[in-house]
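Asker: Here is what each chain is made of, one letter per residue.
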Amino acid sequence: MPSPRALRLAIDIGGTFTDTVLVDGDGRILATTKTATTPAEPALGAIDGARPALTEASATWDEIGGFIHGTTLATNALIERRGAKVGTITTEGFRDILEIAYERRHSQYAINLEKPDLIVPRTRAFTVGGRTNARGEELVPFDEDVVAALASRLEADGIEAVAICLLHAYANPAHELRLREMLRMALPDLVISVSHEVSPEAREFDRLCTTIANAYIQPLMSRYLADFEVRFRAAGLACPILMMTASGGMTTLETASRLPVRLVESGPAGGAILAARLARETGRGQVLSFDMGGTTAKLCLIDDFRPRTARKFEIARAERFIKGSGMPVRIPVIEMIEIGAGGGSIASVDRLGRIRVGPQSAGADPGPAAFGKGGKLPTVTDADIVQGFIAPDGLAESRINVNPGAATAVLKSAVGDTLGLDPDRAAFAMTEVVDENMASAGRMHAVESGRDLDERTMIAIGGNGPLHATRLARRAQVRTVVIPKNPGVGSAVGFLHAPVSFEIVRSRYTTLESLDVSAINGFFRDMANEARTVVRAGAPDGPLTERRVAFMRYHGQGHEIEVAVPARDLEPSDADGLRGAFEAEYSRQFSRTVPDMEIEILNWALHLASEVPDIDPAHAAPAQSAANPAGSRMILCDVSGEWREAAVYDRAELRNGARLPGPALITEPQTTTLVSADFDARVDGAGNIWMTRQDGALP
Amino acid sequence: MTADNTRLQVLWDRLLAVVEEQGQILVRAAFSPIVRECGDISAGIFDAEGRMLAQAVTGTPGHVNTMAMAVKSLRARFPAQHMRPGDIYMTNDPWIASGHLNDFLLMMPIIHAGRLVGFTSCTSHLVDLGGQGMGPEGSDIQDEGLLIPPCRLVAAGKVNDLLLDIVKANSREPIANEGDIYALIACCEAGAARVCRTMDEFGLTDFRELSRYIVETSRRGTLDIIAELPKGTWNSAMTVDGYDRPLTLRAALTIAEDHVLVDFAGTDPCAAKGINVPLNYATAYTVFALRCIIGPDIPNNDGSLEPFQVTGPPGCILNARPPSPVAMRHTLGQMTPDLVFGCLAQALPDLVPAEGASCMYDLPLRHAPEAAARGDVQFALELVFNGGTGARPTRDGLSATAFPSGVWGSQVETTESVAPVLFHRRELRRDSGGPGRMRGGLGQRIEVSPALNQDMILFLSVERVRNPARGRSEGLAGAPGRIRVGEEGPDLAGKGEVRIRPGERLIFETPGGGGFGAPDQRPPAMLESDVQAGFVSPGAARLVYGRSP
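Heads up: the protein sequence lines correspond to chains A and B, in order.
Residue numbering for the first sequence follows the working numbering, starting at 1 and increasing by one per position.
Residue numbering for the second sequence follows the working numbering, starting at 1 and increasing by one per position.
Treat the hints loosely; a few may be bogus.
[What the hints assert, rightly or not] Below, a sample of chain A positions facing chain B; criterion: calculated Cβ distance under 10 Å:
hint: 1; residue: Pro188
hint: 2; residue: Val191
hint: 3; residue: Ala202
hint: 4; residue: Val594
Calculated directly from the structure, the hints in this document are not laboratory data.
The structure displayed is predicted, hence computed values, not measured ones.
Glycine included, every Cβ here is placed at the ideal spot set by N, Cα and C.
With the rest of the complex left out, here is chain A (with noise of 0.2 Å):
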């Protein structure tokens, strides 16, 4: 039971640092903690976190209400490939979906390509008879015959998890079922993922892959949660534990264990919700979240305060960050963008005298030159140390000592020499490139999503996310900035302000025209049972709010638009209602419609999502007042190009209320934030840092 204060507790556990936030009832901070990430056991660190925070707040376990933990292990687990021997079975005479995929390079140059590695060789591909088809009738029998040997050979070929994908099993799983209980009866110990439970989507190859990952992980992730779970009980920990997801929703320890594909990439979900949290509570409707940590940066559109979300991402990119190198994964989950543009990206200088940046990164072993840990080669981080944004003494926390001549001498001999450039220029020039990467796939992500970036209010985090907004907006033409508070720990911040959520996305084709609403009202009733026996699981009470979606596209297209379908059994009459909200995004997305087509209707998804506690009162604005540097230092201005002298501000001293004009830097321990020389900063009543691009600054 929570007690009285119903503190809560979010921890993030990423692949270099852990971190911890501590919450009171009210959502103020009580404390924040980051700390080293111990991969063997990774529970051990998170513990090691919690106890200061808990320390720092004068609280106990027991006074915590709600515990919610994010974890990169799903997806680590799938980039290291550390997880089970997994086998595949599909339809008989089409073993080879995994092999023949979308028949594709995903370089078109490139002669000497190899295709991504799929986890299962085709040694390991079997198949059964029996078939379905799109409307989910049975057109042969399942082959009940073959299981007894396939068990044996399963077993002979020392395969952990098997994942199941029978053609058309969205629209009918009963082969799938019997398969799968067939098995349990002989293979009592054998994981098993269906198809129809982890992607009830059309698109044999992007099912198969999500259900192979799923077995992939599951043995590992189940035996981790299990383990987690203990360790917490063990210090003290009463209350639930609930995880995180792609999607930016919560879910229960039972679904995480059944669903671990759900769990990948759930960390930088926790900056994208921080991110719709602050615009709903600032009014922005157009927000650009931009997380820029030490390797990589991850952009998200959020639109009326939601975050953009998409039915498919790729994992384990081989090829840096091609699309199509990775394996496809077809879940609910929050989209991003994500680039290879961090603090430890590495610059090189091509064959035609091109400044590159990334992907390649120095991470943070051995880190940026200037941190004297081993590194040779220039980091946008040394870039940024040699133009004066990071003070020797600017990452105390870290206990790393800057060393700035370090920083000068990599750039100096590894671009600067190359292209006579002194190491000013070339510290510059590679900050300029990387903004431009980062602006360039913003407004790329913007075109896939049918808006545009400039009219956006960007949201900065992660540990260089403050460092280079400005920079990033004077490209991407965005005029406002926010620092939110504590923005090196932002995705944990943002664990806090999920919901207890579960998504299904299903596939069934039908044309507008000959929509059974019956039918559908059917099938959607189906997926809300099944979506509230989990989220239940995870919010027992209160209220849940569920949100239906139609894919819809005219007859002929391959993109589809997501249209809201009213969350209610639908008449015959709504038909009209969805042509028009079809028509009304179509023509928002493409400036027009196209009367005559047929429309058609291909994944219909149901979100059902405990409600957040509202957003505090609104903060009164407070009183103006001119801040006062703690100091100034020399910086070469991102706008005039020229050596000048920047205030220097410490976060913590700064009062809401206060005002300061650029070039300005504002430190505190994780992160500094740049205020550009055409840019002017204020703190809100909240403390949150507002930057506005200077009217009359060039566009």
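Guided by the hints, dock chain B onto chain A, whose structure is given.
Answerer: Only chain B this time, still in chain A's reference frame:
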């Protein structure tokens, strides 16, 4: 490099990003299946002289070069002083745009602060232009449908309705065509607007300095690479199935100090039906093949393309002239990389792969003509399957993978959802990869029937049924393609119409890629793993590779 060069580099990066955005806009709004599944489009930005500065890397290489040349010819045809903001020019002339009538090219002048500073252009494949449609059956270009000479489609923002009406009136898919033309217009406009905004952001008034930087840097980079190549002339010949009789394609590749020249002299004359290839399209695939090996990391633009020259005697099948029918120019166009590789492999034996299936195995299925009268379901599927790619000098070929095209294959579940067809099999063909030290990629075997009690019709236009992909450096050929109705049915030719009745099964086997190096040189571990995976049968391991695994 100076500080200014940094700015120019960032601007170049920006233009490369803008063309990709344009491409994405076009693909998203397109109606044509080949556009959305294969990204059969192009988008580019040009300077005021019509020199290409940036081109999107899209799904098929058929637009490399063609767009660069097309904009120059349109620019030469329409006086710059008559161009106004909001004007857009258009043509689908195969000899100007992209080799057949379905490809529409639009070009929009970019006018910034009252001055013509450059152009943006894009190409997309429209579904239907009337005539005989997308098939080889036309006997001349007039048979193949509507040809629109270069014209002004949009005048100062106002679309020429008559032109649009003509396009619609001559199409079986008027709504889709209209949608695709609007998508092209939106793509041009978005490109022009983004370029203008970029100029504002960087305070530019023209592209001269940027254009010089991009073109010169790219040309110099390309010439540096060419300078390191062996010099000389190398010849190759390749026999292809052709329409009704085999044809020989010939090429002579010359690598000189400052250019690379491919000459198709000696290639057979045009065929009677529409598999002929205009030179612009043959050039696109030729240059693509060369650039896969020579400087693939340098972006396509006027500077990087200029050192590559392609020529052929007018009237040969790789330089078809009007009024030759050209609808299926991609069938042979996609074979030209293998022809070029045949030359290049002699100059650079360690870098060039063996021949592959190369030609896409299109499987266009539709209802029979009597469907409407019988009340049958009417449908049209444009499915594409691929064979294996040629073995690389240090790697096996890729199984069931498109090359040189960048087409995406389809998914059985989606196909069966939208059309009354039923697949019984889609698996790799054992032993179809050409044996060698490195093995060719495997083809695949598709079996498909009508799902309802009605016939379906297939229009075939594929290659490598009689002439399989040859191996290189003692590598052996891949399996040829094989198409029949029923296991015992006669083998069908690669071109023509096939009717499949209820209860019958079309068996559609795509070719394997050629092998590289002698089969007995294949490392034992690789052969053993092939046998275990079922890529190679134990029998073939013994007979062909001379090994008993």
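Asker: None of the hints should be skipped; say for each whether it holds.
Answerer: Results for each hint:
no. : hint   : verdict
1   : Pro188 : 28 Å, violated
2   : Val191 : 24 Å, violated
3   : Ala202 : 4 Å, holds
4   : Val594 : 5 Å, holds
Hint compliance for this structure: hints 1 and 2 are not met, and every other hint is.
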